[in-house]
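Q: Mapping of the sequence shown onto our numbering: residues -11 to 257, in sequence order.
Check before you lean on any hint, since a few could be wrong.
Restraint ranges, calculated between C-beta atoms of paired labels, are given here [as the list claims (entries may be wrong)]:
#1 I107 / T132: 45 to 51 Å
#2 F21 / A54: 40 to 46 Å
#3 V139 / P166: 24 to 30 Å
#4 A103 / Q204: 46 to 52 Å
#5 N198 / L35: 43 to 49 Å
Taking lysine-lysine pairs in the DSSO-like style, the calculated list, with each CA pair at most 30 Å apart, reads [to be verified]:
#6 K95 / K147
#7 K147 / K194
#8 K210 / K194
No wet-lab data here; the hints were simulated from the structure.
Keep in mind that this is a model prediction, so the values were computed, not measured.
We treat Cβ as the ideally placed atom computed from N, Cα and C, and that holds for glycine.
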Amino acid sequence: MFMLSISIGPLSLPVPMLLLFVAVVLGLGVARFVSRGQQQSASDVLLIILVVALLFGRLVFVLRFADSYQTMWQMLDIRDRGIDISTTIMAAMVLLFTQVKRLPELKTALVSGAACTLICYAAGSAWLYSQQQQQVLADIQLETLSGDQAVLADMAQGKPVVLNIWASWCPPCRREMPLLLNTQQQESDISVIMLNLQESRTTVAKYLSNHQLDFQQVLLDKQGDVARYYGALGVPATLFFRADGSLSSVHFGELSQATLQQGIDTALN
């Protein structure tokens, strides 16, 4: 079964983040092993390269979606996980080249560690992408706020879909709801579906009413069937689908306006 996240005790870890972590740890391990006996550890240099490259990736992402950030704090707040991967990789390659020139004695160790990280991450990402492309909007029957039954796939109405999995007790879910409501109101060519995870109809209706969140499409995943179907075991999670029903991208954790727009762009293209 395809899993978008893995549960470890009370924690739910997104597979893409876990993949990056494993690739980096393996790369650092290789760099440290190859550079054993040297005065300076190649793994320390490689870690600095990765951190600086990620900062470049963040900078380019912020510039791409500058209109979506209203304050400097929003730009600096990396909890939305907005990173331009292509820029990060290119920056890492340039930084690696400069460090190899500066520290020729660590050339083999640095190149070996970087190659290990890149190969592991690329291979894992390719597999993850291939699996993701096979996922479609689920043909699962769920309860609506009115007590009727509706099929998730039928609610797309032939449009790209933003499917947000949330719970009323989840602070990040609460914070991102105004963004999703605004998308529903401003983007008529997008279908926003709010999928509540394992709460009663009364609880959900009361929360939405108290906070004046007038979502048009709200479904109740009381048994967690949809969450298990996609392996999205934590909240919040937002899945973006193309108009043909195929999964285009996934975002775990709290959305920002920028990461929401990025997901919508992938669904539209």
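Q: Each hint should be assessed against the structure and marked as holding or not.
A: The hints, checked one at a time:
Taking 45 to 51 Å as the suggested C-beta distance range, the pair I107 and T132 conforms, at roughly 47 Å. In this structure, F21 and A54 meet the distance hint of 40 to 46 Å, their C-beta atoms being roughly 42 Å apart. The hint said 24 to 30 Å for the Cβ distance between V139 and P166, and at roughly 28 Å that hint holds. Under the hint 46 to 52 Å, the C-beta atoms of A103 and Q204, about 50 Å apart, fit the expected range.
Checking the proposed 43 to 49 Å range against N198 and L35 shows it holds: the Cβ atoms sit about 47 Å from each other. Only pairs whose Cα atoms come within 30 Å are accepted, and K95 paired with K147 is rejected, the gap being roughly 51 Å. A threshold of 30 Å between alpha carbons decides the hint, and for K147 with K194 the separation of about 29 Å falls inside it, so the pair holds. A C-alpha spacing of about 16 Å is found between K210 and K194, which places the hinted pair at or below 30 Å, so the restraint holds.
Checked against the numbered hints above, the structure breaks only hint 6 and satisfies the rest.
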